[in-house]
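**Q** The primary structure of each chain is shown beneath.
There are 2 protein chains.
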Amino acid sequence: MSLEPLLHPRSIAVIGASDNKARIGGVPVDLLIRAGFRQVYPVNPKNETVQGLKAYADIESVPEVVDLAIIALSAELTLPMLERCHALGIPAAMVYASGYAETNEAEGRVRQDALSAFAARTGMKIAGPNCMGNANFSHSIFTTFGQSFQPGEVPGNTALLTQSGNMCATLFRMARRAGVTFSQVINTGNEASVEFSDYLEYLAGDPATASAICYIEELRDGPKFLAAAAKFRAAGKLLAVYKVGASEKGAEATRSHTAALAGDSAAYDAAFVRAGVARASELSGLADLAYLHTLGGKVGGSNCAILSISGAAGAILSDALSLAGGDVPTLPQAVQDGLSAQIPGHSMVSNPIDMTGNIVNSNDFLSECIRLALSPDDIDVLLLYTPGIYLTQALDQVERAAAESSKAIIVIDTFAMADRDRLANNGIGYFDDFDRAARAICAYGKWKRGSSPLPFRGGAGGGACPLGETSPLTDMPRPNPSPEGEGLSMTWPAFPAGRTALSETEGKAALARFGVPVVQDALVHSVEQARSEATRIGFPLVAKLVSPDVAHKTEHGLIRLGLDSADAVAEAFKAMMTKAEAMGVHIEGVTLEPMLAGGVEILAGVTRDPVFGWMLTIGLGGVWTELMKDACHALLPVDAAGAEAMLRSLKGFRLLEGYRGAPRADIAAAARAIAALGEAVLAGGEALREVEINPMLVLPEGRGAVAVDALVLLETQT
Amino acid sequence: MSLEPLLHPRSIAVIGASDNKARIGGVPVDLLIRAGFRQVYPVNPKNETVQGLKAYADIESVPEVVDLAIIALSAELTLPMLERCHALGIPAAMVYASGYAETNEAEGRVRQDALSAFAARTGMKIAGPNCMGNANFSHSIFTTFGQSFQPGEVPGNTALLTQSGNMCATLFRMARRAGVTFSQVINTGNEASVEFSDYLEYLAGDPATASAICYIEELRDGPKFLAAAAKFRAAGKLLAVYKVGASEKGAEATRSHTAALAGDSAAYDAAFVRAGVARASELSGLADLAYLHTLGGKVGGSNCAILSISGAAGAILSDALSLAGGDVPTLPQAVQDGLSAQIPGHSMVSNPIDMTGNIVNSNDFLSECIRLALSPDDIDVLLLYTPGIYLTQALDQVERAAAESSKAIIVIDTFAMADRDRLANNGIGYFDDFDRAARAICAYGKWKRGSSPLPFRGGAGGGACPLGETSPLTDMPRPNPSPEGEGLSMTWPAFPAGRTALSETEGKAALARFGVPVVQDALVHSVEQARSEATRIGFPLVAKLVSPDVAHKTEHGLIRLGLDSADAVAEAFKAMMTKAEAMGVHIEGVTLEPMLAGGVEILAGVTRDPVFGWMLTIGLGGVWTELMKDACHALLPVDAAGAEAMLRSLKGFRLLEGYRGAPRADIAAAARAIAALGEAVLAGGEALREVEINPMLVLPEGRGAVAVDALVLLETQT
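Heads up: the protein sequence lines correspond to chains A and Y, in order.
The working numbering numbers the first residue of the first sequence as 1 and each following residue consecutively.
The working numbering numbers the first residue of the second sequence as 719 and each following residue consecutively.
Think of the hints as simulated: they come from the structure by calculation, not from any bench.
Worth double-checking, as some hints may not be accurate.
To be verified - With a straight-line Cα cutoff of 20 Å, these simulated EDC-like cross-link-like pairs (lysine to aspartate or glutamate) come out:
1) 629(A) x 1095(Y)
2) 1347(Y) x 60(A)
3) 1271(Y) x 1299(Y)
4) 942(Y) x 916(Y)
5) 46(A) x 58(A)
6) 46(A) x 67(A)
7) 224(A) x 195(A)
8) 1347(Y) x 657(A)
9) 1166(Y) x 1095(Y)
10) 629(A) x 1344(Y)
11) 942(Y) x 1404(Y)
12) 579(A) x 528(A)
Using the sequences plus the hints, can you model the full thing?
**A** Rendered as structure tokens:
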């Protein structure tokens, strides 16, 4: 592993080491000594010893080539020191200093660029700058000046990876309170060289790490993140993330806080879905996800059976699960009968199951109820509400049931009296709050089943779309051109120099080369030509001005619908030309095209996210997308099946299914057309800026879907 | 107060008192003794003494007429004992026994009805049955067999009122963990006589109670609840509720659990908005609301300034507040300049404010930053993120700032290291979790400002509508008939006997009497009449079959649009008659009415909720309401201003404002028409079951709004 000297060093020099255990150069020395780490070399020209260890006057005096140099110097002194370390052959360094890009000042930015360039040139693995270092609990190695991480902690198999030093300490404490123990704790700092996804890739291969919980502000390299996430999935490891910046204010705060590129929230949502990561909607939820993972994979999904001594608690848990996206399936009649035989009276046994106070009745009552409730195949988890002494009295029964079951049993004790350690030792989960438990179980269960929920924090209705249950990442199939597309060129025409957009006619023609069905139009330049072409095409017609200078033509009266005679076409032609001339735009002519009756309008567009690249957005046409935010997003590539899944995730999907007696729309054709759009964009590559089909008309089943308008924006050639 | 003997008794007999302090008849005796309550009389025919007190053989032997008899007997023995107590003049009783309506068995239901009838006949105040009793911490009086409530607790000014014994204990413990102390803790049980809102009314007048937190499954008497809530508001007391049953499963579980009428979730939402209660979306949030109220009213709203040593924490809090419905306003430039002068470097000062590590710099730095951040009028709350030792080092500065400010300062310490008691003593709030803090502050702030948020748990998009900022409850103005309505009769015509609905024509005519503008139609019975009336009205026309037997006519082809000639009308008439005859429905004829061009369709309907009475629902027409759940609800009465506020709360409201170049719709006229609909329904009273206008066409501004169709359903006369 290339990050081995950084994250698992065998020897460490602390440059700028201090005798004062509270100072930034003193903390790591103190921690390493107390952790029993032997090969630590304090470097300090003024002292004979540092904290009882022999001190070295300079790094050149250190008797071995250490794996890692911790640079506890000011920003000005850091780069020269790194150069000396590199000259000695030291492969890795940790830079604590601030005063780099995080200052939002030119000087800091220049300094950070120099550090990045140095790392790139030398290949030295440099953490930070402006980072607080790491704690490797698996091997008890501390390279941090943070006081939250202390030798003596029980090592665990969860890694913590954060882009904020403070959130590193916060999440560590939150997770420790939730009973999580750690393999590695890593704070990335400014990521001038080694960056978030480099660490993630290391952790994917770290045998001591079974899960990683991550605090993310912005990612620099989307594809690298996706690749590292794929390794987590392949290894069966949990990757759980919390991404800040869902609200505008939050995004603003982090943009000023870090030196990273701003990523669009929708693109992150789409990327996280594609990556198959578990998503926490709250910071505290990250700790809970890691905690559930420590139950040894027993949480297989979010279908819960609820066994409660209180009808109220059953109802509250049902509400909480439903709100969080889980389910409380009705139990099969045979199971209900079995439960009724156990529980006297007329209690509810359909799920939630109300045991009332009968839990104390016999030695086998509770274990038998648990066994029954967990018996159906579609139940993943048993939630047990037995607060306080009810649990104490029956704990041996719960332990017996847990030992016999491969499914998770999770105790909810709102009295917060349960013996959490004893439960953990028996593989039994524990929460003291209904809604927090529900959120965690649902997020974890969805991850376990291979599909993430639709986590669009702050968005009114839009969301990233789950691409099927398995979210295949690495080998996502490219869309196949439709069978009728055998003769397609699958290439873009040469883009005219200096243009920033194609005309509608050019755009549609170009997309057609990739198999996107388009409405064929006629370009006319005179009233006479308009009359004759209109008569040839037939009525009613749509007339549109063609100009690369006007993106939204409806607002300017440059699209005229329902023209039903040659006279009407002629009048419209003249009116539009007059208007366009008044606007002073470049006029290429007017297109005439058949006005299609019936069908449902959708929009499909692809934009380029600076972090993750091409992102496809699908929505229902017009007001649906704009007012209701009924749209969904996915990173390319998206094949026809993926496009159909996206369409199905829209709230307004029923409009395509034949709503209120309308004919069912040709959904499969729409999906193929969208896939072809994606293929076209991928083929266009860097030359394209954005491509949008709006509207695409989805005609009744069997009649296809056609792009009525197309907007193709080009990158300015440089 | 009529509940005084129940909730604040001066003397208590415990009938069925036990020597065993763990038994149901032993716990209250033990608690009362330990609480130093002197006038407690154990009644037990078998013992000379109970827990060291003289025992009485029967209630008749007790030497005084006690205020309260606690009946710790089985269900069979309870009613006879109540009769004996009543004969002695005992005014109140507490019934612990189960075996009543909660069993879902006929025997239990009969038993409960007998208890209700006895209480109604005698006027005795009877708590329960199936309740676990109360704890009056203000006066250290315990009438409960619950073990969670113990003498020696510091009394507080929060009351806890729950419909579940278990949730009573759970919420008590949750709130105690959050630092809340209590005046009264009340579990209502089956509410055979004294019911939820009776307790609420008592608490509104209880001088020891400043706030109540309530767990609600179902309310029996909506108007009584609204009246009690109004008293809370009038007294400036917080009323905070958590209502279970938002999901179908949750509702199912409580319906089986209690013997109450099922209330519709939307009606509860609307009622809570009208009542001006604070709503917790999670059970734990109830405790947090009570906790915030203990800060002495310092939380004036949910506009927060965020002062943080960590940019990350600022961003996370911004996200959390935004998600919870709060705001993080940008600070005025002068304030930003002041902060910049305090904080070195180029930190963010616009809000959130990033102090970085400068907090330790001087003795006045933090108090000055707080003072500046709280100075703008539109800032209600200061959120301070200074975890761990940062807070410890600067706590005196925070205390100084708190003493000087009438606004709330709330510390977020994710390290959970803060000295909570010391903070509380200085009126400083504390949370250890970002999102929980944000949810609580936003829910409390909205309540404080007089408008509740739109809390539609589980609903996809619908919600209860806030009726302005002040939510006047008791004297909500009745809608005024529009000026043109001077000559309106404001009465319903006599309803024909045996009918379950009015015809569309009848319905529209009746609504017109209340000032609802309707499309005037002509009822025709023959092809010839159709031709002549159509020619008189003018084209295009809409033709509809009139039949009280068909509610949704579009689906059956019994509405025909866009008829543009007498021939088309004649053809439509014949086709509809043929179809209706085939369906075998009663035919009253066909209406012809002008087909109105332009405008936006909305729907407005009033249904009767079994708990809260008439509920108005407003939505955009057709697919908007059905697919997008874009509707909102409010209890009647609703005046025109309220109706307009409801319209504005719709996601699709922009369609009415003139979307994409369409003319602005006559919103004021629509609001007046909706208010008139509400007035009509209130006037119709018990005879009506449901009234719906769908669609109401809102024409361009100045042209009004008209009911195109009206559905009036009648209660079956009995």
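**Q** Run every hint past the structure and note whether it holds.
**A** Quick rundown of the hints versus the structure:
no.: 1; hint: 629(A) x 1095(Y); in the structure: 33 Å, violated
no.: 2; hint: 1347(Y) x 60(A); in the structure: 72 Å, violated
no.: 3; hint: 1271(Y) x 1299(Y); in the structure: 14 Å, holds
no.: 4; hint: 942(Y) x 916(Y); in the structure: 8 Å, holds
no.: 5; hint: 46(A) x 58(A); in the structure: 10 Å, holds
no.: 6; hint: 46(A) x 67(A); in the structure: 24 Å, violated
no.: 7; hint: 224(A) x 195(A); in the structure: 10 Å, holds
no.: 8; hint: 1347(Y) x 657(A); in the structure: 18 Å, holds
no.: 9; hint: 1166(Y) x 1095(Y); in the structure: 16 Å, holds
no.: 10; hint: 629(A) x 1344(Y); in the structure: 16 Å, holds
no.: 11; hint: 942(Y) x 1404(Y); in the structure: 19 Å, holds
no.: 12; hint: 579(A) x 528(A); in the structure: 19 Å, holds
In this structure, the hints that do not hold are numbers 1, 2, 6, in rising order.
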